[in-house]
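K.L.:
Both chains are sitting in their own frames, so use the hints and assemble them into the complex.
One line per chain: the protein sequences are A and B, in this order. Position one of the first sequence corresponds to residue 1 (the UniProt record's numbering), numbered consecutively onward. Position one of the second sequence corresponds to residue 1 (the UniProt record's numbering), numbered consecutively onward.
Don't read these hints as lab results, they were simulated from the structure. For each residue, glycine too, the CB sits at the ideal point set by N, CA and C. A portion of the hints provided could be inaccurate.
[Said to hold, decoys possible] Straight-line alpha carbon distances no greater than 20 angstroms define the calculated SDA-like cross-link-like pairs of lysine to any residue that follow:
| # | chain 1 | residue 1 | chain 2 | residue 2 |
| --- | --- | --- | --- | --- |
| 1 | A | 99 | A | 109 |
| 2 | A | 132 | A | 152 |
| 3 | A | 132 | B | 180 |
| 4 | A | 132 | B | 103 |
| 5 | A | 132 | B | 211 |
[What the hints assert, rightly or not] From the structure, some residues in chain B lie toward chain A, with a derived Cβ separation under 8 angstroms:
| # | residue |
| --- | --- |
| 6 | 204 |
| 7 | 206 |
| 8 | 212 |
[Unchecked claim] Not everything, but these chain A residues come out facing chain B in the computed CB check (under 8 angstroms):
| # | residue |
| --- | --- |
| 9 | 118 |
| 10 | 122 |
| 11 | 125 |
| 12 | 129 |
| 13 | 131 |
| 14 | 133 |
| 15 | 134 |
| 16 | 136 |
| 17 | 137 |
| 18 | 147 |
| 19 | 151 |
| 20 | 158 |
| 21 | 161 |
Letter by letter, the chains look like this.
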Amino acid sequence: MSVGHALLGLLEGGPRHGYDLKRSYDERFGADRPLAYGQVYSTLARLLKNGFVEVESEPGAGPERKRYAVTDAGVADVAAWLAQPEKPEPYLQSTLYTKVVLALLTGHDADAVLDTQRAEHLRLMRELTRRKDGGDLADQLVCDHALFHLEADLRWLELTAARVQQLAAHVRP
Amino acid sequence: MATEPLLVAENLHLRFGTTVALDSASVAVHAGEVLALMGPSGSGKSTLLHCLAGILHPDAGRVTYAGRDLTAMHDSERSALRRTELGLVFQFGQLVPELTCLENVALPLRLNGAPRRAALRSAAAWLERLEVSDVAGKRPGQVSGGQGQRVAVARSLVTRPRVVFADEPTGALDSLNGERVMQLFVAAARETGAAVVLVTHEARVAAYSDHEAVVRDGRVRTMEHVR
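Only chain B is shown next, with the shape it has when bound in the complex (with noise of 0.2 angstroms):
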């Protein structure tokens, strides 16, 4: 690809205690593409999605977004470029229990200073783009693990973020909700333009990607390794 990647990580090293986590890990992302990170449990895929996201700090290597250097950042920075241009979704868990759907989706907004009515539309635009508006008004605990999983990826989406990190987003579903969500979640996002970063041990998942990178003993393989 001609372009410069929006996300580069270059030779992140990390260790938990005496556990190697990542080892050399190096990764690129260029705007508006789907990159799987591959890989079985404990290979360390999702230590190095969280160090892309600036939520884990690697102990040597570094992370560099849109020409930043992620590693070098202040905290309060990073927090602020979470909230602004990077989208999270996980496995489950994510939705704040007291809060409606249609709340947790305009809860970035808010908290980024949107007006609240003004969040709220948005979240209801984005509730019905993944095609759950029937939820907004109920509770997390209140509906399916697919249409949780759906407001998860509405939430990631709403503030048109320029990557979204995705751990496991259709681990805790079946097959047919997986799939479902990986459609809407993958043509919403090219939509907008955001690159995807999708962690997965499922191939029918990472079919969705533009590109995988495989993730084994904390070193990543990719093609361009092989070829």
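One chain only, chain A, in its complex shape (with noise of 0.2 angstroms):
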């Protein structure tokens, strides 16, 4: 997540405060993970020494009293972000598989391992299931996102079980 394009293109519906900004971007996008207000102020002068904001100083100045508006050359910034796509991430080696092949090389029960992955994996989608159903239209679409990844977690997890015999074979020496 590019913190600095989200308060970019917020502030394309007109100049504001720091302090503005941060509970903006909280409502939208910090339900789980809320901006510090270090941050905030790190993320803007960044911002500004790269020409894609500026500030509006207003009388007795401190931090709070700076109005930040974006620049053209910050819209563009937003711009180019939104038209390139995020690099897909295939986590190749993940922990988890990392884990399932030292149980294997260990001795240890790599299904058990798979099965608490499972279950954690099946809490958070509990968890998630309950917040969308009592959450509005924002909600349930920040939690499907979460949900669809677990769920693709986890027919992984499942595919690993199905085949770990084969995998134990493939690992041990």
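P.N.:
The following block contains the structure:
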């Protein structure tokens, strides 16, 4: 998640103080992970240095008295970011794969590793499902995104569970 | 959980010819809880559900429902139990095509001897609860898959069973429809206090459960085995 681009995008609605910007970000994107003030101001400082925002100071200016406005370069930067696809992350050597292989190598119960992980994934999926049922459309879409990813992980877990004996023969010397 | 489970399967064994379908399968369901039986195709999860519902008879092992040995019961006794205290929902094809959706939902009550008018009134209330009042007068062939499943769920709950067995209830639906069916199903079951045994291979469906048991090669793995 590019916080800088998100802030620039929010500024396209009009100049704002850092505090307003943080609140707006948290409302829309920060349900699980609200921005720290320090991060807001350090990000704005970087955007300022790169010429993507400019400051409209008000009398008696402390940092909270500054209003930030997006520049043309900032608008162009957001457009370029939106046009660029995110790199799909294939997690080819995931921690979980490593755990399964190590369990097999060290004589631990690889099925138990997979079962424990499945239970943990389902626990989170239950939580997200409850949150979604009680939530508005934005909550539902955010939760669905997480649910589909967790579901994909679970499919991998099931496939691995079905092939764990094959894997054992493959990894054991 | 402190209370005694409502439904218990102990060491079930079942073979179909040379194929081992269940191999020492044990599982317990408490009143009011939603249990998901998960596992790949052919793992034995549907067979286990059918044994729990008294539809299939295991070669060995015991199923106890509310303290009564389901496996030792006479067929007629088991059938009566299924009509009055157990509900069933399948993937599709469970509604009687010649009857309207309203009549389909009223059917279990009629079979239990309820007067026609009372049965239809109750059925109408369940269709409303499942948000499909508009299909009451239609036949199953005239409604969408999602509507048909909601009718099937209404029918499974109309007798206020103590356990509802659902075998891939959303398996033939797209995710949006499947999700709505699950929301309505689980909410309605919780309202009536019914326990639900849900067979699914989809994690998003299992996420509506309180617990899961994973069936693999005819054996059940629950987290109790891991901890």
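K.L.:
Looking back at the hints listed earlier, which ones does the structure fail to meet?
P.N.:
Numbers 4, 13, 15, 16 and 17 - these are the hints that the structure violates, sorted from lowest upward.
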